[in-house]
Amino acid sequence: MEARNNSSRSDRLVPPFALSNPLRRFIENPYSVVKRFVREGMVVADVGCGPGFYTIPIAEIVREKGKVYAVDANPKSIEVLKAKAVKRGLTNIIAKVSSASDLSFIPDSSVDFVLSKDVLCCMRDHEGAIKEISRILKPKGLAYITARRSFFDDPFKVTEEEWKKLLSKFNVIHEKIGLFSYEAVVTK
7 MEARNNSSRS DRLVPPFALS NPLRRFIENP YSVVKRFVRE GMVVADVGCG
57 PGFYTIPIAE IVREKGKVYA VDANPKSIEV LKAKAVKRGL TNIIAKVSSA
107 SDLSFIPDSS VDFVLSKDVL CCMRDHEGAI KEISRILKPK GLAYITARRS
157 FFDDPFKVTE EEWKKLLSKF NVIHEKIGLF SYEAVVTK
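Okay, so the sequence shown: first residue is 7 according to my numbering, each after it adds one.
Everything labelled a hint here was simulated from the structure, so no lab data went into it. No experiment lies behind these values; they were computed from the predicted model shown. Heads up, none of these hints are tricks.
Subject to a maximum C-alpha distance of 16 Å in a straight line, what follows is the list of computed EDC-like cross-link-like pairs (lysine to aspartate or glutamate):
#1 K146 to D114
#2 K171 to D131
#3 K41 to D118
Now the in silico label distances, taken between C-beta atoms and shown as ranges:
#4 D114 to Y37: 23 to 31 Å
#5 K71 to P161: 40 to 48 Å
#6 K82 to F162: 13 to 21 Å
Backbone N, C-alpha and C fix where the C-beta goes; we use that ideal spot for every residue, glycine too.
Between the sequences and the hints, there should be enough to build the whole structure, so can you do that?
As structure tokens, this is what we get:
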């Protein structure tokens, strides 16, 4: 696994321990999310992977026939993810330190599934991240994109109007606007 440090200083870096909290599994089961979209042999990008809450289950599902690009702006999260992958003997993860708005190390139209779970609300360049997700996604590929809603004056906030504009770059298969979050399944 490789690491590259070109993260945007304008991204909000969530500490790995906050994302690795064991209680999180009681609230959201990563396997129940990814098993709906991920199959053996797929190429997947976990954009905003943190310490691997979703990356590890994805890598186990795609197995050695598949590949997982794991991207996070926080170098500490990538370190934790790499240690978890080594401990589990997973060699199909390519981990990079980068902002979601710079996925230049992933080839165009090469990814079957993109997971972008609560990443947009941790960065300022929402448009850049969406452009990169669209660029790397295969023509028939899917992306599952979510963002937390903010009710405060937050420079990272994704408004409902902006959310709709961002989704207009895709064919929307499913969209949900909840009280606390946005969710969409999209394709090119």
